[in-house]
Amino acid sequence: MNDKQNQAGDHDVDEITMVRALLVAPPPPDPRVTASARQRLLHHAAPPRPSRRRRLALGLTATAAAAGAAAALAIALPSGSHSGPASANGGLITTEERPLGTAAGHSAHAFLLSAATQLAEAPVSTGRYWCTQAVSAQLDAIGPGGMELTPQGGGKAQPASPVSDYRYSILDRQVSDACRLPDLSNTAIVGGYYQELGAQPATAADVAAWRKEGSPAWLGWYAKGAVIPDHASARQATSKRGGPAGPPLPPDPTPAQLRAYLLDNPVDAGIPKDALNGQLFSQAVDLLQDPVSPAVRAADFQLIASIPGVQMQQDVKDPLGRTGIALWLGNDLIEGMITRTIIDPATGLVLAYDFLTPQPGWVYAPGTVQEYTAFTSTWTNTLP
Amino acid sequence: MSDRVSTPESDAAVIEESLRRPDLFAAIFDRHFDEIHRYLARRVGGTVADDLAADVFLTAFTRRQRYDAARDCARPWLYGIATNLISSHRRQEARYFRALSQAEAPPEWESEEERLADRISAAATRPLLAAALAKLSPGDRDVLLLVALADFGYPEVAEALGIPQGTVASRLSRVRRQLRAALGGSNPAGRNHAEQGHPEQDHPGQDHPGQDREQAHE
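Chains A and B, in that order, are what the protein sequence lines are.
Under our numbering, the first residue of the first sequence is numbered 1, with each subsequent residue one higher.
Under our numbering, the first residue of the second sequence is numbered 1001, with each subsequent residue one higher.
Treat the hints with care, since some could be wrong.
[Claimed, not checked] Restraint-style ranges between C-beta atoms, simulated for each label pair:
1. B:THR1062 <-> A:ASN265: 31 to 39 Å
2. A:SER185 <-> B:PRO1155: 48 to 56 Å
3. B:SER1088 <-> A:ARG40: 44 to 52 Å
4. A:ARG32 <-> B:PRO1164: 40 to 48 Å
5. B:PRO1155 <-> A:HIS231: 37 to 45 Å
6. B:PRO1164 <-> A:PRO251: 42 to 50 Å
7. B:PRO1155 <-> A:ARG211: 56 to 64 Å
8. B:CYS1073 <-> A:HIS231: 30 to 38 Å
9. B:GLY1162 <-> A:LYS317: 46 to 54 Å
[Claimed, not checked] Quick look at which bits of chain B chain A covers, simulated, 3 or more residues with Cβ under 8 Å:
10. 1018-1031
11. 1085-1093
12. 1155-1165
Calculated directly from the structure, the hints in this document are not laboratory data.
Predicted model, so just to flag it, every value in this text is computed and none were measured.
Here a beta-carbon is modelled for each residue, glycine too, at the ideal position from N, C-alpha and C.
If we strip away everything but chain A, and leave its shape as in the complex, we get (with noise of 0.2 Å):
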């Protein structure tokens, strides 16, 4: 078709070119008109409250202050009773306290050694779709006037609220699905949905302090004040275009060559060396959420148990109530939480993250879960 040479600028003054004269381009806009509108979308797109996701890379260059205090953590889940101090009686879980790749001959060590051999027996399956279901919910700690308080680690440079303030606390949860292909270079997401499921008091005992205050709306710290909301938004659906593909993971690698190729294609570049640890970490547990054969998933098992400063527990029930292993590191501190991933040894797939109180101080618990993300990941042939 003959316009197609009239894309604009193939000729000298013709229509296009005059109407550019004609309206000519103004000033830019007043910086108060910018900040104002800047500051219209700001009040806007504060709420739905972010859901503070795991961001390791955050977390890795976080002080190793707390990795004393993991020594002794209890678990409430925020079903449960959540401000009291720590139940003495099944509450309590053993931790691991030494690195496990300086204890040679540590059980826990033998323990992921000995689970990847089994894994690496394990039958292959597949699907069209890899999807991942992700629940995921945040306990809250709120003050007068419905205001949550600041958590402790949560602004860097901002202090934790003082613990007089707090009244109750509320559950804000999410639930999401992402669905890829089994092609592992393809990080696209091909199908999903996101949808926030609303806040609520945490327990009766919330409700009851809830209306003692007068029953207020409940105004983010995270998201500057802005209402969270109390019921359940309409599902969106989600895609995702691929990134860049790397390089093809190793069909068959050994654990060796899975670290180099982890250290080779890091998630962040820049990470300090001194918390390449953290990374390798991070990647390895981050690899086990991929459509990954059993036998990688094995590998991956061999390099978390190499890694110093790897803790783990046994028998821990995820937030879903499924019973795994959890494994963090010693000083990895996410916005001043514990982050623990509790993995189902005999599949290699991660049930879930959990967000630990580390030390006592602050509203809730040492060991108190204050924020989880429960995955279920399945192949399927059909998109949610």
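Starting from the known structure of chain A, arrange chain B on it as the hints suggest.
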């Protein structure tokens, strides 16, 4: 902690990430606000543009789930939103064009293309051109002004307006002939030539041309 967001990521990556971290959407604002404001100011004048430009980014923010992640650059998307918002301000646009048609020189500011503007003014085409712009159908004018003011080619215009590239081409061709005719050009008779065999596929969201003409004349 600065609330200025800066990141080397593509617009698509930022928008994707902003689904979880809504405040990151400020980076899209920082990258494109001035340009979108300029486009709006050239179509409806600076005062209306101040409000509309802010609305563009609020609208974009609320629709960001539907952003096509395959589009690295958000410019066509933002221009499309801006263009749609103008459709609810046709009167202001018409009034602005009318003001231009009566003004001897740009009403309130210095021009980057002053020399050419002077030449057009001297040639007395300014009033004719402004009046002709006001008479164009909204769909045609949107195509013309995205090409002229955003420097878009057919693919970007098609993306911004959600119409096929062929429609962009046929609209632009018709607009050129109409403007040429209005300015006393040589080819007024060719008005319906290109449409034969290439019927216009109007986007469902577009206004009807007749309706706009009435508004533009009031």
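Item to complete: Could you see if the CB distance from B:THR1062 to A:ASN265 stays within 31 to 39 Å?
Response: 36 Å, holds
Worksheet item: Within the assertion that chain A covers the region 1018-1031 of chain B, do at least three residues meet a Cβ-to-Cβ distance smaller than 8 Å?
Response: Coverage by chain A holds for the region 1018-1031 of chain B (10 residues, Cβ < 8 Å).
Worksheet item: Has the hinted range 44 to 52 Å been met by the Cβ atoms of B:SER1088 and A:ARG40?
Response: 18 Å, violated
Worksheet item: Measuring from beta carbon to beta carbon, are B:PRO1164 and A:PRO251 in 42 to 50 Å?
Response: For B:PRO1164 and A:PRO251 the Cβ distance comes to about 44 Å; the hint holds.
Worksheet item: Does the Cβ pair B:CYS1073, A:HIS231 satisfy 30 to 38 Å?
Response: 36 Å, holds
Worksheet item: Could one say that the CB atoms of B:PRO1155 and A:HIS231 fall in the range 37 to 45 Å?
Response: Since the Cβ atoms of B:PRO1155 and A:HIS231 sit about 41 Å apart, the hinted range of 37 to 45 Å holds.
Item to complete: Could you see if the CB distance from B:GLY1162 to A:LYS317 stays within 46 to 54 Å?
Response: For A:LYS317 against B:GLY1162, whose Cβ atoms are near 50 Å apart, the range 46 to 54 Å holds.
Worksheet entry | Range agreement (Cβ of B:PRO1164 with Cβ of A:ARG32, hint 40 to 48 Å) | With Cβ atoms ~41 Å apart, the hint holds.
Worksheet entry | Residues of the region 1085-1093 of chain B with Cβ under 8 Å from chain A, three needed, outcome | n = 0 at 8 Å, threshold three: violated.
Discussion item. I want to verify a distance hint. Is the separation of the beta carbons of B:PRO1155 and A:ARG211 within 56 to 64 Å?
Written reply: 58 Å, holds
Worksheet entry | Coverage claim, chain A over the region 1155-1165 of chain B, checked by counting residues with Cβ within 8 Å (three needed) | Contact hint for the region 1155-1165 of chain B vs chain A: violated, 0 residues under 8 Å.
Worksheet item: Do the beta carbons of A:SER185 and B:PRO1155 sit within 48 to 56 Å of each other?
Response: 28 Å, violated
This entry does not satisfy hints 2, 3, 11 and 12, going by the numbered hints stated previously.
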